[in-house]
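Counting in the working numbering, the sequence shown runs from 1 upward without gaps.
Please keep in mind that the hints were generated in silico from the structure rather than gathered at the bench. Using N, Cα and C, we set each Cβ at its ideal position, and we do this for glycine too. Misleading hints may appear alongside valid ones.
What follows is a set of in silico ranges between Cβ atoms, one per label pair, in the way DEER data are often shown [unchecked claim]:
# : residue 1 : residue 2 : range
1 : G5        : L136      : 28 to 38 Å
2 : E154      : P41       : 31 to 41 Å
3 : D17       : D56       : 19 to 29 Å
4 : A150      : P109      : 20 to 30 Å
5 : A35       : A97       : 18 to 28 Å
6 : A30       : A97       : 14 to 24 Å
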Amino acid sequence: MSQDGRKRGFPPVVDPDVRVLVLGSLPGDASLAAAQYYGHPRNGFWRLIGAVVGRDLAALPYEQRLSALLAAGVGLWDVHAEAVRPGSLDAAIKDAADNDLTGLVDGLPRLRAVAFNGGAAAKAGTRLLASRADRLALVSLPSSSPAHAAMSFEAKREAWLALRDRL
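Given only the sequences and the hints, what does the whole structure look like? Please build it.
As structure tokens, then:
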């Protein structure tokens, strides 16, 4: 957390060959402490996206996870660049400053779909990318967060597997 109490996210993980961009809301406390996307050990993201790309990403060191994602055509970023958020719940996000999503997606020539990891990311991201919906699929996915326990991991996995068709 910065001195002004705002939490700041990470730079995008992209290259020109990205076909699917996965957007979260803003990294949680465990991710910020680890300086890694989806750094909470109970967050299902790496297992879910691993099922999509057909590789056990959770077993790899972090930098290799990122490289494997890019090799599969998947990029990562967050809807919000920074915000005030006590704890890690999306519902606690206040005074958010958004990332330049349109600028990023306009610079990704092979991009086919933007997938939102959870409802908060989908709500804000769909608003920010509405002008690009004519050329990009905007896909809402169930949150990979352990806080989203209303859905089983297997049900989440089935929903996430829909991204395979976009790769």
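Verify the CB-CB distance for A35 and A97 against the hinted window 18 to 28 Å.
holds (20 Å)
Hint says 31 to 41 Å; check whether the CB-CB distance for E154 and P41 agrees.
violated (19 Å)
Distance restraint evaluation - A30, A97, Cβ atoms, bounds 14 to 24 Å
Roughly 22 Å apart at Cβ, these two residues keep to the hinted range, so it holds.
Starting from the range 28 to 38 Å, see whether the pair G5 and L136 falls in it by beta-carbon distance.
Hint holds: Cβ distance 34 Å, inside 28 to 38 Å.
If I claimed the Cβ atoms of D17 and D56 lie 19 to 29 Å apart, would that claim hold in this structure?
holds (22 Å)
20 to 30 Å was suggested as the range; check whether the CB atoms of A150 and P109 agree with it.
violated (38 Å)
In summary, the structure is inconsistent with hints 2 and 4 from the numbered list given earlier, while agreeing with the others.
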